[in-house]
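Going line by line, the protein sequences match chains C and H. As numbered in this note's numbering, residues 1 to 415 make up the first sequence, in order. As numbered in this note's numbering, residues 1 to 228 make up the second sequence, in order.
If you're looking for bench data, these hints aren't it; they were derived computationally from the structure. Here the structure is a predicted model, which means the values were calculated and not measured. Accuracy of the hints is not assured; some may be wrong.
[As the list claims (entries may be wrong)] Have a look at the derived ranges for each label pair, beta carbon to beta carbon: (1) C:S412 to H:S149: 20 to 30 Å; (2) C:L19 to H:A228: 49 to 59 Å; (3) H:S227 to C:V20: 27 to 37 Å; (4) H:E195 to C:S412: 29 to 39 Å; (5) C:N5 to H:S36: 32 to 42 Å; (6) C:V20 to H:A228: 54 to 64 Å; (7) H:G138 to C:R13: 24 to 34 Å; (8) H:G72 to C:V20: 52 to 62 Å; (9) C:N5 to H:S149: 19 to 29 Å; (10) C:V393 to H:Q221: 42 to 52 Å.
[What the hints assert, rightly or not] Using 27 Å as the maximum straight-line C-alpha spacing, the simulated DSS-like pairs for lysine-lysine come out as follows: (11) C:K401 to H:K23; (12) C:K406 to H:K191; (13) H:K29 to C:K406; (14) H:K90 to H:K121; (15) H:K126 to C:K406; (16) H:K5 to H:K197; (17) C:K406 to H:K181; (18) H:K191 to H:K126; (19) C:K325 to H:K25; (20) H:K198 to H:K181; (21) C:K406 to H:K118; (22) H:K25 to C:K406; (23) C:K321 to H:K118; (24) C:K325 to H:K121; (25) H:K191 to C:K321.
Cβ coordinates follow ideal geometry from the N, Cα and C atoms, glycine included.
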Amino acid sequence: MNYLNFALRNIRRHRKRSLVTIFTICLGFTALGIIGGILNNIFSRLKEQAIVTEKLGHFTIAKPDFFEKGKINPEEYLWDEEELKGILGILKESPDVELATPRLNLFGIASNGESSTIFITEAIVPEDDHQLIKTNVDGRTDRKDISLELDRAKSTNVAIGSELSSNLGLKKGDYLTLLTTTKDGIANAADVDINEVYNTGNPANNDKFVLSNFYLAQELYDTKGAERIVVTLKDPENRTAVQEKIMAKLNNSGYKVESRTWDQLSLTYGKVKTMFSVIFRVLTIIITIIVLLTLLNTMQMAVTERTREIGTIRAIGVLRKDIVKLFCIEGIVMGVIGCLVALPILFLIAFVLKTLNVTFIPPVASVEVPILLILKPAKIVPVFVLFCVASLVSSFLASRKIARQKVVTSLSQIN
Amino acid sequence: MIEKKTLLTLSGVSKTYFLGSQKVKALNKVDLEISSGDFLAIAGPSGSGKSTMLNLISLIDTPTHGEIKYAGVNVKDLTDNEITIFRNQKIGIVFQNYNLIPVLSAIENVAFPLQLQKKSKKESMKLAGEILTEVGLGEHLNHRPSNLSGGQKQRVAIARALITDPEIIIADEPTSALDSKTGMEIINLMKHLNETKKTTFIFSSHDPKVIDNVQSVITLQDGEIISA
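If we strip away everything but chain C, and leave its shape as in the complex, we get (with noise of 0.2 Å):
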């Protein structure tokens, strides 16, 4: 017995009623694809946030406990020249390894002259930054190259937040004195041109963040070492294992480090992921219950409407199970040709999006990024299963009573 033919049949045959359903399955399945679409989006630019704007790389290595400890006492942390220069010389010959590049974080106060305020800088090798600035994240090497110049007798150029510079009444071509402390707590202090002006990203720190020469910071902070260095490889999608290789051959090698991977280290992306994942979750639960009660309606009423005819094949000869199977295949049908029928629709909708390059400013973020959606198989894999896994579930629970119901009871229905 050909059961997809006839449920294929009895589809066809509540056309208005099948219609209705299967619009409803591809309208949720087409909206949890824009959401999921747009968090993609949004997780991405996230991710691209972290590794080249916040210059996070792909992990950061440094010193054991600095990740903990490193602000409380920082010195104690940093790694001598010698030091550095090992290290940079093994991860330098890692073919995994992209770039590796050493930092130097400093706070103190900024002024103009007039005013300050507290500012906090990374101070970055600059040839090294515009490397970092074309790192493919998800597919994306071009983006505004915000560094500074790369020739080495300029060291005292710095880029400022655009909040900053605002608050300090400061514009490109300024001078600005950075007020900070050596090593050792001594008070050293540095004026420094203003190379650009930009806005750093992060809302938290456009207003305080100094983007200085590695070189500088060096001279400020009186030493010839480094505290972290930011890795970048070659194929980031293998990261968990080049980083475990890269940490061990360190080790081995007499020099203890741990490390933590961009998303570790993001003060936003977890949060943010972990946020609009439970958001995502929710509207999952909601959408599939919404479906699940549309088709268990709808195969209610066509158990209902056919008791008369589950009892003419029951007698002739079908099998309780087969007629709960037989009503599972309809629901299951219904399901996969909703989520189907959505799939172009999702792809055209992206590809208007894409089209019309609308922006927006994501959460935690303050710049504009466009609006697109990302369809990955992994998110949109889920929704399909989970859409059919609904569909059975409704068609089980409106079949499976009528399937143990008495056959001349079902026979004995009045339609």
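With the hints as your guide, set chain H onto chain C.
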């Protein structure tokens, strides 16, 4: 004279229903023996227990008391799945309102019971076509039930009951939804099949014209056999 084999026995069969809180005794300690090749009509007024008796013989209902045996096998000992398979293989049922499956064509309706026996579609359809031709519907094989007349639908229903070559065909008021001429055609068709294929037929009717044309008649009244 060929000695007939006992096909079915009903021993002390009773059936009680509840209509709300009211207890209705539809059949009361009925004993009956049906032999293979019988062409038997069950007569009686409405509410006499004809349909209940046929439902029990069709194994689509179970007795409150008593035993039903098919070729010595007590139906009580069979599971629901075994009874369903038994119905498919040994019993053909013709319903008062035809009960054809609306989404299937005439030939597909007839082939349906055979396909449940895992017969190939080709084989089932071929046999269904032959039987439909035999009952005079060779021209209507691919018509949906909605495009057939009452008499044609009942012929399809008979063909569906016949296709598995069952030991017994049970028909509950097969002519009640038909005009008297078509009704007689259906009875004559059943008679013809009984004589040519030796298929056992049991059917109910309250139409005197139909009953007058049948030799073996059981009359029921208030759930009891009053004449056989």
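These are the hints, each one checked on the structure:
{"no.": "1", "hint": "C:S412 to H:S149: 20 to 30 Å", "verdict": "25 Å, holds"}
{"no.": "2", "hint": "C:L19 to H:A228: 49 to 59 Å", "verdict": "56 Å, holds"}
{"no.": "3", "hint": "H:S227 to C:V20: 27 to 37 Å", "verdict": "57 Å, violated"}
{"no.": "4", "hint": "H:E195 to C:S412: 29 to 39 Å", "verdict": "33 Å, holds"}
{"no.": "5", "hint": "C:N5 to H:S36: 32 to 42 Å", "verdict": "36 Å, holds"}
{"no.": "6", "hint": "C:V20 to H:A228: 54 to 64 Å", "verdict": "56 Å, holds"}
{"no.": "7", "hint": "H:G138 to C:R13: 24 to 34 Å", "verdict": "27 Å, holds"}
{"no.": "8", "hint": "H:G72 to C:V20: 52 to 62 Å", "verdict": "54 Å, holds"}
{"no.": "9", "hint": "C:N5 to H:S149: 19 to 29 Å", "verdict": "27 Å, holds"}
{"no.": "10", "hint": "C:V393 to H:Q221: 42 to 52 Å", "verdict": "50 Å, holds"}
{"no.": "11", "hint": "C:K401 to H:K23", "verdict": "25 Å, holds"}
{"no.": "12", "hint": "C:K406 to H:K191", "verdict": "31 Å, violated"}
{"no.": "13", "hint": "H:K29 to C:K406", "verdict": "22 Å, holds"}
{"no.": "14", "hint": "H:K90 to H:K121", "verdict": "21 Å, holds"}
{"no.": "15", "hint": "H:K126 to C:K406", "verdict": "33 Å, violated"}
{"no.": "16", "hint": "H:K5 to H:K197", "verdict": "16 Å, holds"}
{"no.": "17", "hint": "C:K406 to H:K181", "verdict": "35 Å, violated"}
{"no.": "18", "hint": "H:K191 to H:K126", "verdict": "24 Å, holds"}
{"no.": "19", "hint": "C:K325 to H:K25", "verdict": "36 Å, violated"}
{"no.": "20", "hint": "H:K198 to H:K181", "verdict": "25 Å, holds"}
{"no.": "21", "hint": "C:K406 to H:K118", "verdict": "24 Å, holds"}
{"no.": "22", "hint": "H:K25 to C:K406", "verdict": "19 Å, holds"}
{"no.": "23", "hint": "C:K321 to H:K118", "verdict": "16 Å, holds"}
{"no.": "24", "hint": "C:K325 to H:K121", "verdict": "20 Å, holds"}
{"no.": "25", "hint": "H:K191 to C:K321", "verdict": "36 Å, violated"}
The structure is inconsistent with the numbered hints 3, 12, 15, 17, 19, 25, although it conforms to all the rest.
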